[in-house]
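Chains as they are written, first to last, in the working numbering: chain A, 80 to 632; chain B, 391 to 751.
No lab work stands behind these hints: they were computed from the structure.
Honestly, I wouldn't trust all of these hints.
[Said to hold, decoys possible] So the derived list for chain B, only partly shown, Cβ under 10 Å to chain A, looks like this: (1) 473; (2) 545; (3) 548; (4) 549; (5) 552; (6) 556; (7) 557; (8) 565; (9) 566; (10) 602; (11) 746; (12) 748.
We treat Cβ as the ideally placed atom computed from N, Cα and C, and that holds for glycine.
Single-letter residue listing:
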Amino acid sequence: MTARRWVGWGLVAAVPLAFLGLFFVLPTGTLIARGFSTGGSLDLSGFGEVFSRPRTWRIVGLTFLQATLGTVFAVGLGIPGAYVLYRRRFRGQWLARALVTVPFVLPTVVVGVAFRSLLAEGGPLGALHLDGTLAAIVAALVFFNYSVVVRTVGGFWAHLDPRAEQAARVLGAPPWRAFLSVTLPALVPAITAAASIVFLFCATAFGIVLILGGIRFGTIETEIWIQTTQFLNLRAASVLSVVQLVVVGAVLGVSGAARRRRERALHLTAVDAARERLGRADWAPAVVTGLVGAVLIALPMLSLVLRSLQTSHGWSLQNYANLATTGGRGVLTGTVWAALGNSVRTAFVATAIAVVVGALVALVVSRRPHSRSGRRAIETLDAVFMLPLGVSAVTVGFGFLIALHRPLGLDIDLRTWWGLVPVAQAVVAVPLVVRSLLPVLRAIDPRLRQAAAMLGASPWRVFQAVDLPMVRRALGLAIGFAFAVSLGEFGATSFLVRPDRPTLPIVIYRLIGRPGAENLGMALAASVVLAALTAAVMMLAERWRPASAMGEL
Amino acid sequence: MARRLASLAAVAALALTLSACTSGGQAKPSSTGGASGSISAGARGTVVLVTHDSFVISDALIAEFKLKTGYTLEQRAPGDVGVLVNQLVLTKDAPIGDVTFGIDNTFASRAVSNGVLAAYRSPAEGTSAAKFDLDSSNNLTPIDYGDVCVNVDHGWFSAKGIPEPVTLADLAKPAYKDLLAVENPATSSPGLAFMLATVSAFGADGWQGYWSQLKTNGVKIDAGWTDAYTVDFSGSSGKGSRPLVVSYASSPPDEVPAGGTTAPTGALLDTCFRQVEYAGVLAGAKNPAGAKAFIDFMLGDSFQAALPGAMYVYPVSSSVKVPDTWATFAPIPSSPFSMDPAQIDKNRDGWIQKWTDTVIG
Numbered sequence: 080m081t082a083r084r085w086v087g088w089g090l091v092a093a094v095p096l097a098f099l100g101l102f103f104v105l106p107t108g109t110l111i112a113r114g115f116s117t118g119g120s121l122d123l124s125g126f127g128e129v130f131s132r133p134r135t136w137r138i139v140g141l142t143f144l145q146a147t148l149g150t151v152f153a154v155g156l157g158i159p160g161a162y163v164l165y166r167r168r169f170r171g172q173w174l175a176r177a178l179v180t181v182p183f184v185l186p187t188v189v190v191g192v193a194f195r196s197l198l199a200e201g202g203p204l205g206a207l208h209l210d211g212t213l214a215a216i217v218a219a220l221v222f223f224n225y226s227v228v229v230r231t232v233g234g235f236w237a238h239l240d241p242r243a244e245q246a247a248r249v250l251g252a253p254p255w256r257a258f259l260s261v262t263l264p265a266l267v268p269a270i271t272a273a274a275s276i277v278f279l280f281c282a283t284a285f286g287i288v289l290i291l292g293g294i295r296f297g298t299i300e301t302e303i304w305i306q307t308t309q310f311l312n313l314r315a316a317s318v319l320s321v322v323q324l325v326v327v328g329a330v331l332g333v334s335g336a337a338r339r340r341r342e343r344a345l346h347l348t349a350v351d352a353a354r355e356r357l358g359r360a361d362w363a364p365a366v367v368t369g370l371v372g373a374v375l376i377a378l379p380m381l382s383l384v385l386r387s388l389q390t391s392h393g394w395s396l397q398n399y400a401n402l403a404t405t406g407g408r409g410v411l412t413g414t415v416w417a418a419l420g421n422s423v424r425t426a427f428v429a430t431a432i433a434v435v436v437g438a439l440v441a442l443v444v445s446r447r448p449h450s451r452s453g454r455r456a457i458e459t460l461d462a463v464f465m466l467p468l469g470v471s472a473v474t475v476g477f478g479f480l481i482a483l484h485r486p487l488g489l490d491i492d493l494r495t496w497w498g499l500v501p502v503a504q505a506v507v508a509v510p511l512v513v514r515s516l517l518p519v520l521r522a523i524d525p526r527l528r529q530a531a532a533m534l535g536a537s538p539w540r541v542f543q544a545v546d547l548p549m550v551r552r553a554l555g556l557a558i559g560f561a562f563a564v565s566l567g568e569f570g571a572t573s574f575l576v577r578p579d580r581p582t583l584p585i586v587i588y589r590l591i592g593r594p595g596a597e598n599l600g601m602a603l604a605a606s607v608v609l610a611a612l613t614a615a616v617m618m619l620a621e622r623w624r625p626a627s628a629m630g631e632l
Numbered sequence: 391m392a393r394r395l396a397s398l399a400a401v402a403a404l405a406l407t408l409s410a411c412t413s414g415g416q417a418k419p420s421s422t423g424g425a426s427g428s429i430s431a432g433a434r435g436t437v438v439l440v441t442h443d444s445f446v447i448s449d450a451l452i453a454e455f456k457l458k459t460g461y462t463l464e465q466r467a468p469g470d471v472g473v474l475v476n477q478l479v480l481t482k483d484a485p486i487g488d489v490t491f492g493i494d495n496t497f498a499s500r501a502v503s504n505g506v507l508a509a510y511r512s513p514a515e516g517t518s519a520a521k522f523d524l525d526s527s528n529n530l531t532p533i534d535y536g537d538v539c540v541n542v543d544h545g546w547f548s549a550k551g552i553p554e555p556v557t558l559a560d561l562a563k564p565a566y567k568d569l570l571a572v573e574n575p576a577t578s579s580p581g582l583a584f585m586l587a588t589v590s591a592f593g594a595d596g597w598q599g600y601w602s603q604l605k606t607n608g609v610k611i612d613a614g615w616t617d618a619y620t621v622d623f624s625g626s627s628g629k630g631s632r633p634l635v636v637s638y639a640s641s642p643p644d645e646v647p648a649g650g651t652t653a654p655t656g657a658l659l660d661t662c663f664r665q666v667e668y669a670g671v672l673a674g675a676k677n678p679a680g681a682k683a684f685i686d687f688m689l690g691d692s693f694q695a696a697l698p699g700a701m702y703v704y705p706v707s708s709s710v711k712v713p714d715t716w717a718t719f720a721p722i723p724s725s726p727f728s729m730d731p732a733q734i735d736k737n738r739d740g741w742i743q744k745w746t747d748t749v750i751g
């Protein structure tokens, strides 16, 4: 690679790095550093203090246990789901694809209440005695993260050339054998990408662990939250944040190594028109996916919809009519519809930021420089942009407050800037955008680019002719994900949002925190609206994708 | 190719337009910051209020404040009272606002001892309000109060023919086994208040023993008010399985159906802990005059009268009337438990640790 091209790629990387530096590394680093300084000098005694408590070891162990179980089940159940929803076709598939994404954005407090209502003593599933158990937490984690696996793996699988697997079948391999020895190895990059995201989401799950697990199942995340927001013990919180970063680093290291062993250029088909109908031979994945869809996804959502239609006077749409009000006795400052408007506006901005930044990162990371230092730089860049998924929203939220007053010595106060809300949401969405685009970009045969360059195309022309057509298909997925993250984000938003311009999850949280059947009913109805909006956005993103991809052929 | 580029450009243009719309729409209010701005006749700039996420003020009251004082109110609400106080402490060198509301007696000492507040004695603070003063330093001005009490589902007890419990000690009796749900004091403000009630009632030597008895008696520990009240409590619309829950003295009126004359739930008035919420001028505020004006306004009749409806608390001013339903369904406990805020601040973390050891194990 020539020096000039190096400079070019450096400039492309500079924009996302500046973004992440200002809105993630600086705030998080400042807060953690505050925990390690006593009277202006470095004080690391917090480590000894925190690690001498047996509770610390227990919560570190519990964090690993919960995240591992959540990831194993989400991946194990999600791969058949990706096959059924993205590799085969059937009537109503578009709807099923959209619906599995809905749990991803539901407010944790609503899901927590919905799960506990089913599981608590006296509830419909109370006889199972699952309330307050690890099983309940893991089930909820799978509920939230199933769609991450289905969409990340499915989006990749849909474009995998089926001929290799067909050849194996022709040569006499049974379907399971062909899958294990041909298809699965090709899917490894997408599976590890999904698994690492799910693991980080599970490891930093907060509300759901508190509500379903009580203090017995505390994790590093819940402990950081309690130490920071209740005890103001930044020493302990900083130690735990470092532990969290080490965990994240280890997970990214392991998944990166697994991916690199497998990653190579694959035959990607231009369109996903080659999908066969779901047939009798697909009974195993179809049954698994049907069961997951019915029991784990549809049942909690259905109970949510039914409860939103109940009032003290029987079945009615009254809770939905009330969304145009400010709640029982006016507990809100605006109507729920106004909050929906705020959410959508914020999500547009957050999505635009996340897609631009994420696409730039994916583009840089998908390069394969020949030099070892170049490869190492790219691996580091790849990992750094995943960090926000593994770091506590409390650390980021509090970090904004102390770091963004005159950041870098500039005379500006970013702490009260309106744009901080979409920016904070974009920071969380960028890793998902990167992970949606990267498997496709990396699977593009570099010889295509080399050939184009050899024929005299400029780097920009190479990108247009080779990368862009492939990426555009994954772009719909990425946009949908980013939009969903923004719509559902609660942690960082709750610290930053202005109370007179709340987003939908904030309003739901407020309503469900008040007594009275009317407020609870409105919170549930608002959650159904949020779910419906998400499903609609996902459907649009899905439909837009193949249409534009086909148009260019 | 040309068509593809055109469609890409259109998408980009749309995104830009949308973000421009949003920025235009949202940037305006915050660009008027600072006391010096004189936008129109009578306008005197912005007062920034930093409060907790349960704070509610109607647009009508904001307009009235502006009409009376000339200041525009801008709000920030970073989280619950713990988040609020801790953020004020962390930003005390460059405060994010002018005035704060919502610091209660369980967190007041942390705010005061960290020098977050500037002293101010409001001329609007009457004798009925002054009874709730934190101390003589005038760092914090009382605005409202409420009581955290065990709530009871009347219907459940009358159907079973069991007399309702009355005191904290009753809750540990075998007759009330597996009937009570409480919140974890480490993660919940009413949970913390209820733990303090038990410390106050049974003393530093006895309260842990009491909690051991509650544990033997099958107390259910929840993370927060929402899941305790809406999932486990039988008296809410969630129709849970436990007829006793730690909530507020002001919760019962909201369970009365429209037009109802009897309340299906009630508060056990001998189990209550008094919470007082304060307002204060932030030290280093850009607009201290505006901050003081807002504290005066909060003590005025129109704001005080709106408190029960909007925030489920009682006004400190005796010159306003509480709603009729409150007089009937939410009587005020005559002698709730309380505790010196300095003592709370000194012992809170240690007590929560001991509570965790006793109850969670």
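Checked hints:
1. Because the smallest distance between the Cβ of residue 473(B) and any Cβ of chain A comes to about 5 Å, under 10 Å, the interface hint for this residue holds.
2. Taking 10 Å as the C-beta contact cut-off toward chain A, the hint placing residue 545(B) at the interface is violated, the least distance being around 14 Å.
3. Residue-level restraint check for residue 548(B) is violated (minimum Cβ-Cβ distance to chain A is 19 Å; threshold 10 Å).
4. Interface hint at residue 549(B): violated, since its Cβ lies 15 Å from the closest Cβ of chain A, which is beyond the 10 Å cut-off.
5. Hint on residue 552(B) is violated. Least Cβ distance to chain A is approximately 18 Å, over the 10 Å limit.
6. Annotation: interface hint on residue 556(B) violated; nearest CB of chain A at approximately 22 Å, more than 10 Å.
7. The criterion of a C-beta within 10 Å of any C-beta in chain A is not met by residue 557(B), whose closest approach is roughly 23 Å, and the hint is violated.
8. Nearest Cβ of chain A to the Cβ of residue 565(B): about 19 Å, over the 10 Å cut. The hint is violated.
9. The beta carbon of residue 566(B) comes no nearer than 16 Å to any beta carbon in chain A, farther than 10 Å, and the hint placing it at the interface is violated.
10. For residue 602(B), the suggested interface contact is broken, since its CB lies about 17 Å from the closest CB of chain A, more than 10 Å.
11. For the restraint placing residue 746(B) at the interface with chain A, the shortest Cβ-Cβ distance is roughly 6 Å, inside the 10 Å limit, so the hint holds.
12. Hint status for residue 748(B) relative to chain A: violated, with the closest Cβ pair at about 12 Å, above 10 Å.
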